[in-house]
Amino acid sequence: MRIAAQLRKVSSQWRALLGAGLLVLAAAGAAAQNPPLYTKWVNYTQANGFPAGEVFCVTVDGSRVWAGTEHGLVLLEDGRVKKIFTTADGMVSNAVMSVAVDKQTGDVWIATFGGASVYSAGQFRNYTSLSSGLANDLVYGVAVQGKYVWLATTAGASRLNTYNGSWSIFNETNAPFQEPWAYSIAVSAKKVYIAAWGGGVVVYDIAGQYWRPYTDPDGEMEIVLYRNQGLIHNIVSSVSYNPDTKMFWASTYFGLSGYDGRNWHNYLTKDSGLISNFINGVQSRGNEVWACTQGGLSELDYKTNTWVTYRPDRKTGRGEVLITYPDGKKSRMETPTSLAHNYILNMDFQGKDIWVATAQGLSHGIRQP
Amino acid sequence: MNTQSTAVARLCILAGVLAGSAWPQSALSQTTAPSQATGKTAGQPAAAAPYANMPQQAVPYRRFRKPYQEWYVAPSTLAYDGGARSVPDGDLAHLQAVNIGFLGPLDKDNYDSQYGIPMLHGAQLAVEEANARGGDRGKPFALLVHDDLPLWGASSMAIVDMYFNQHVWAMLGSVDSASTHIELRATLKLELPIMDTATNDPTVTETRIPWLMHDFPDDRQQGYALADYIFNQRKLKKIGLLQVNNRYGREGDRIFFDTARRMRRQPEVVLKFTPSDTDFSSQLHTLNASGIDGLVIWGDARQAGMILKQMRAMGMRQPVFGSSRIAYPEVMKIAGPAAEGLVVVTPLDPTRTDPQWQQFRQRYQARFHTGPDAYAAYAFDGMNVLLAAIQKAGLNRGRIMDALRDYEMKPYRGVSGTAFFDYALNDIAPITFAQIQNGQFVYWPEHRTDWKSKPMGFAR
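Heads up: the sequence lines are chains S and W, in that order. Numbered according to our numbering, the first sequence spans residues 1 to 369. Numbered according to our numbering, the second sequence spans residues 1 to 460.
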């Protein structure tokens, strides 16, 4: 009776969601504006032919989806696993950390724990520190920016000019890397953003050919002095550029940071709807900022300051949706399906849908109309 | 101060009793813990005490404001919600051995091999003794050794090889802080427990990655101890700082410098030297001209010996203090009488007379025909912690990590002394001082002026 009474109060959108199988268990903030929600999840796990273990990354390429695991690179087409590429196919290593697709050529660039590979015209070409200008064979990130391929390695960032095959290496000797350990790369039309473990975010201006570091201004590992002091911590796990808002976002194991070119916007669990401060990855588009945390997938609607977190309910196995409204009120809902696991490593967008790399499988999130 | 008094006074800093805790070492029945543990045990709210036994005088921005957020002081510091625990266990019946990885500098052309080889020997002895006791449910532990090359990043693939090809269940290493950070970044993806027993870099446990445990006194502990001793106990005011220009020197003296600055004793002058330098006259003239009343050297024993010899020959009589890598007899061999009075921090008091240390010395001497140093002792302890965690948890890396996390805010009594692990799984137990007197090191326990004395009952 109580649930039914609550349901009568919700908006038509909520009714539509209910029709899709969404159960509203608590709706403290139901009168507030609700963001679009992902209420249907399709999971790819060992049970349906997907490799076991962690999915380190996912990259959408039109209707194709690439997922990196420690057992190879998985290609999904039309919702099915089409092929799992491994060293037997010529790839340099099975442990795939990051994938980027060159939109101009269709080449697929792959960062692995054994070097880098490019899948082109049905064949793999491999790059290692011994055979190329790759700074190190532990490659965590890859991004394509025009004719350049940027690779984040454990000994700095490497850049390959795909037109002439020349390499450049950027590390603490020729760029303002406080530490050279690159972890993730994002690109825009004008800049390259490198997440440097222990070194903050290091940004390369393509036209000016200069670097600018963004580091934790309090200079101390053990504190955040002010909430919006600047980058929240120097150990940055991922960086994402949003072309719509022209902001870049940095995920750390100490919260989330965004920079709009003038001000920093930092978020911790204690002051927002962020589900965990330990964030493995970040993606952003439009007003959406997605934090891949170890406690679930948190989405910030930057315009409304509304947070939504998706995670499995460990007791019921159903999906859990936690909404934190701008006034701090919270609501919780359940969905019949859920993310494959709460430990989120990476995600990407496919139209309105999302693909999520988790500790135990790949999840396809389908947004309700 | 002699060793007997050391045993009584060694850990007198401790502010709270961890009554009721489930000790990883059952032998420890009544003890107290470093101040961060005040009134708290794992699972309870964060302690109010500063992180890592930080002196109140060294708290950043303490005169300015309270930080918006403080890290590493809550039980959730290393919280892990990943999937490693649900990975199917390894099948012991189908294994010939339980593989453990080792990464350390071993090539004798590598200067750091003076630390890496004893570290390997300590780890080997622990494995051999565990195997003599039956190994892991009848299967032996096997130590798979990788040389940590001095070339930057060259060892980065070692952990990949250990994980994918050698199927190790955990690893121990390394000395170099950069190599250790590289291990750490890789293990966040691969989820492999790491025991680090030798790096001085405090930031390896400041990443919130739950897969690493660190049992060696780091540069935070060394820097805090030296600053308190020099400024509060020796009452010196104008200090010069001479550091080797490598990662050890650059990272190492940062805590000391910041602590001195916050104690309003910012070093008058900070100078560097390269690892290959043998002539320090330029730096010493500058230091002398600046009117310092004490000198801190952050480097190794060889170059510290040369610096001492040259500065005394120049007539400089200022007291000299040094980091833990100077606490080796080599400093006396090179400097001779010029080393007299040198005070260093050190991770180990080798003159301890307690049976655990003495028996370890004998076993180590019999096995390797040389005496153990700090790197051997800490590796022996670290490997024993690791092996016990595997025996307790079984062949599941997630549960092995959980077993290591059981040490949070608890002590471990080993041959190196008594470690105490904070919420970041870093050993923050007090360290040891040594002074060269009449051609030999004389040891005494750290006793900071901001610590209230309470008996601990055992000592490092």
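Hints are supplied without guarantee of correctness; some may be wrong.
What the hints assert, rightly or not - Coverage of chain W stretches by chain S, computed from C-beta distances (three or more under 8 Å per stretch; other residues unrestricted):
#	stretch
1	58-65
2	154-168
3	349-358
4	409-418
Stated by the list, open to error - Partial list, computed: chain S residues near chain W (C-beta under 7 Å):
#	residue
5	F113
6	E220
7	D301
8	T304
9	T337
Keep in mind the hints are simulated off the structure, nothing from the lab. Yeah, the Cβ is synthetic: ideal placement off N, Cα and C, and Gly gets one too.
What hint numbers does the structure not satisfy? Per hint list: 3, 4, 7, 8 and 9 violated.
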